[in-house]
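**Student:** Below are the chains, spelled out letter by letter.
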Amino acid sequence: MPDTEAISRQIGRALARIREQKPLLHHITNFVVMNDTANVTLHVGALPVMAHARQEVEEMVALAGALVLNPGTLTPEWVEAMIAAGRRANELGLPVVLDPVGAGATTLRTESNQRILREVRVAIVRGNSGEIGALSGAGGVVKGVESVEDLDDPLAVAQAMAKEHQATVAITGARDIVADGERALGVDNGHVWLKTITGTGCMATTMIAAFAAVESDPLIAAAGGLACFGLAAEQAAEQAHGPATFKLALFDCLYNLTPEQLAAGARLVTLA
Amino acid sequence: MPDTEAISRQIGRALARIREQKPLLHHITNFVVMNDTANVTLHVGALPVMAHARQEVEEMVALAGALVLNPGTLTPEWVEAMIAAGRRANELGLPVVLDPVGAGATTLRTESNQRILREVRVAIVRGNSGEIGALSGAGGVVKGVESVEDLDDPLAVAQAMAKEHQATVAITGARDIVADGERALGVDNGHVWLKTITGTGCMATTMIAAFAAVESDPLIAAAGGLACFGLAAEQAAEQAHGPATFKLALFDCLYNLTPEQLAAGARLVTLA
Amino acid sequence: MPDTEAISRQIGRALARIREQKPLLHHITNFVVMNDTANVTLHVGALPVMAHARQEVEEMVALAGALVLNPGTLTPEWVEAMIAAGRRANELGLPVVLDPVGAGATTLRTESNQRILREVRVAIVRGNSGEIGALSGAGGVVKGVESVEDLDDPLAVAQAMAKEHQATVAITGARDIVADGERALGVDNGHVWLKTITGTGCMATTMIAAFAAVESDPLIAAAGGLACFGLAAEQAAEQAHGPATFKLALFDCLYNLTPEQLAAGARLVTLA
Numbered sequence: 001m002p003d004t005e006a007i008s009r010q011i012g013r014a015l016a017r018i019r020e021q022k023p024l025l026h027h028i029t030n031f032v033v034m035n036d037t038a039n040v041t042l043h044v045g046a047l048p049v050m051a052h053a054r055q056e057v058e059e060m061v062a063l064a065g066a067l068v069l070n071p072g073t074l075t076p077e078w079v080e081a082m083i084a085a086g087r088r089a090n091e092l093g094l095p096v097v098l099d100p101v102g103a104g105a106t107t108l109r110t111e112s113n114q115r116i117l118r119e120v121r122v123a124i125v126r127g128n129s130g131e132i133g134a135l136s137g138a139g140g141v142v143k144g145v146e147s148v149e150d151l152d153d154p155l156a157v158a159q160a161m162a163k164e165h166q167a168t169v170a171i172t173g174a175r176d177i178v179a180d181g182e183r184a185l186g187v188d189n190g191h192v193w194l195k196t197i198t199g200t201g202c203m204a205t206t207m208i209a210a211f212a213a214v215e216s217d218p219l220i221a222a223a224g225g226l227a228c229f230g231l232a233a234e235q236a237a238e239q240a241h242g243p244a245t246f247k248l249a250l251f252d253c254l255y256n257l258t259p260e261q262l263a264a265g266a267r268l269v270t271l272a
Numbered sequence: 001m002p003d004t005e006a007i008s009r010q011i012g013r014a015l016a017r018i019r020e021q022k023p024l025l026h027h028i029t030n031f032v033v034m035n036d037t038a039n040v041t042l043h044v045g046a047l048p049v050m051a052h053a054r055q056e057v058e059e060m061v062a063l064a065g066a067l068v069l070n071p072g073t074l075t076p077e078w079v080e081a082m083i084a085a086g087r088r089a090n091e092l093g094l095p096v097v098l099d100p101v102g103a104g105a106t107t108l109r110t111e112s113n114q115r116i117l118r119e120v121r122v123a124i125v126r127g128n129s130g131e132i133g134a135l136s137g138a139g140g141v142v143k144g145v146e147s148v149e150d151l152d153d154p155l156a157v158a159q160a161m162a163k164e165h166q167a168t169v170a171i172t173g174a175r176d177i178v179a180d181g182e183r184a185l186g187v188d189n190g191h192v193w194l195k196t197i198t199g200t201g202c203m204a205t206t207m208i209a210a211f212a213a214v215e216s217d218p219l220i221a222a223a224g225g226l227a228c229f230g231l232a233a234e235q236a237a238e239q240a241h242g243p244a245t246f247k248l249a250l251f252d253c254l255y256n257l258t259p260e261q262l263a264a265g266a267r268l269v270t271l272a
Numbered sequence: 001m002p003d004t005e006a007i008s009r010q011i012g013r014a015l016a017r018i019r020e021q022k023p024l025l026h027h028i029t030n031f032v033v034m035n036d037t038a039n040v041t042l043h044v045g046a047l048p049v050m051a052h053a054r055q056e057v058e059e060m061v062a063l064a065g066a067l068v069l070n071p072g073t074l075t076p077e078w079v080e081a082m083i084a085a086g087r088r089a090n091e092l093g094l095p096v097v098l099d100p101v102g103a104g105a106t107t108l109r110t111e112s113n114q115r116i117l118r119e120v121r122v123a124i125v126r127g128n129s130g131e132i133g134a135l136s137g138a139g140g141v142v143k144g145v146e147s148v149e150d151l152d153d154p155l156a157v158a159q160a161m162a163k164e165h166q167a168t169v170a171i172t173g174a175r176d177i178v179a180d181g182e183r184a185l186g187v188d189n190g191h192v193w194l195k196t197i198t199g200t201g202c203m204a205t206t207m208i209a210a211f212a213a214v215e216s217d218p219l220i221a222a223a224g225g226l227a228c229f230g231l232a233a234e235q236a237a238e239q240a241h242g243p244a245t246f247k248l249a250l251f252d253c254l255y256n257l258t259p260e261q262l263a264a265g266a267r268l269v270t271l272a
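Protein chains in written order, with our numbering: chain A, 1 to 272; chain B, 1 to 272; chain C, 1 to 272.
Please keep in mind that the hints were generated in silico from the structure rather than gathered at the bench.
Everything hinted at is true.
When chains are identical, the list treats them as one kind, so a pair holds in a single copy or across two.
Straight-line Cα separation of at most 30 Å, BS3-like style, residue types lysine-lysine; simulated pairs: (1) 195 <-> 143; (2) 143 <-> 22; (3) 22 <-> 195.
The following block holds chain A by itself, in its conformation from the complex:
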């Protein structure tokens, strides 16, 4: 059973390492969030690059500390580039983080994400319950890119999917669930304002990738990224008059959040 106090200290130290090492996060991601996730990458202390050309992704990922695959506005050509980059990341031992945006909504999305999971060794998958439910075959209803029905037992779904793909699985929601097939953590940081702006799931995935670039235990990296993002959201909510002022404050708070505040403010729960 993970010791949440020790993990809180560990993720605080990880945030300090991100800012020290400034790892490059190579994103192959969707058009909607590219600007936001590049900014989140900078604000947490890492460096972003967005590059999707089949001709350069294998060379680009070799410079990176982690690879984000987010097929939110996918076409088959982009999926090919994702798989090529993912395989190269695997050869190099770099963590690959997958955000299966809208899996379950269309056949193309479900099958493309399943193919990525088959052909690339993914370290961490982060999705909402609809997306993870659809990918794991546990059900889950997706309306576009939103989950509209909660899973009965998200922990069991996460654990089963983690075992099947030998990956850490994060299901984000009111309580985020992070599971690696054996251990499991709940992350209670976050705020309902996050649902009022687009791309917060994608931003959470970027946060996880930043932590994965400096922290070798994927369970802790996933919990760290989510706790850090959720804590910044809690601070931002105090200054919000609506979704736009919330987003503004979220980015500032993320940038100003210290490793000490993160270690003290992470709200982790041991689930297994």
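Given chain A, work out where chains B and C should sit, using these hints.
**Tutor:** This is chains B and C only, laid out in the frame that chain A set:
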């Protein structure tokens, strides 16, 4: 002749329905505004999805309450996807809203929009006077994506185009004109700050689509979307110190605007 | 040797001309910054259009006052469109401004930018020291799209590259260097906050293009765009609580900056 007081109450109720039903707005839109129009969709109370792959658009649109076609950064491949999605929306009886960004500026833009209007039954077209002028053959000068010359008689142009395409036509400007070939309304909500940021035309189109998803009369849906967006702009202008603080306040005001405020604040004029 | 006081007055007058003439800036640029650079274009007083389809770029650029080529999320198809638009701009005598994002990071990026420089007469190239170092063969280390090592003698590198390509070369950093092979200026406006948000290099390039559209001396256009952007950043820094509030204030300040403030606030240094 439309009764503007009754319509104001009707569009207030439509805003309440958007927030209750949370319709999915499927956008095939341009890269510049994807993030902004996704946020506007959320703030008015609907759900956004951006999906353009030929392989999934017909499946995605079947989940939607309305389809937005915005060829602002078009290529021929994207136009094919727009037409496929539009035809499927027609089969399903879903409203299609077209934003002919930059029609008149290049042959590709003019012809692609004309082709969409021929091959898809479009419920509502929204453009500036240059774009609508170019598409209707009434003249109209476009510099990139901006209209640089007013039409002599925008109402006559809108009515003629509405009759030709059996669509509702909205020409936005200082006074927005909405016409369906018989009836016509002016919408006097709005603010000059809207011209200082990019994508406000595209955002207005998204607003119209949100209303069209819950209101079956396209004339009222178009007037509702424009009145709602314009009223939020008026409120936002009071807090603006420049275009960025205006945009920030615009998004917050849109989120906080109530159906009652909309019914009371819509400034509609009967034109025919 | 350039007279910096005369040039300051000249760039103040150029800003006034931008707002009077509202030149169209045709961008073929990357997905990450499209929204931001469109807004920066509007805020400085020009008009943006983003258009990349091979079928329309030659027609679109003919409407423009300057062309921005920014292969930050390039594919080979986009590079073809850039070259076609660049050649047409050359025929029309329009200034072409190149932002070689990430040159040096991958072979595709380095070679594509070199090809553009060979096949298009570029008026002004703006990059960080890593990018310009990589393109000029002077060394320079790029991590994704960030320069991570300073050039020993950036002025010499800029002058050599300017001579080789008969272009004005701008290397942005703590002190921006602008050189045309004979004359050289330093621009000391700017603020460290600019490094905390994505796309500020791309925005600086857009600013240069706005000035190049109304000022025929590329050295002065480049210095003008950088001084204007840097001065707005200095003003914005006073209101910043983090990167997001900095960006918010940057856009407002850019919009509110007067030609007189620019002429008085430009901090130029004669280097050659």
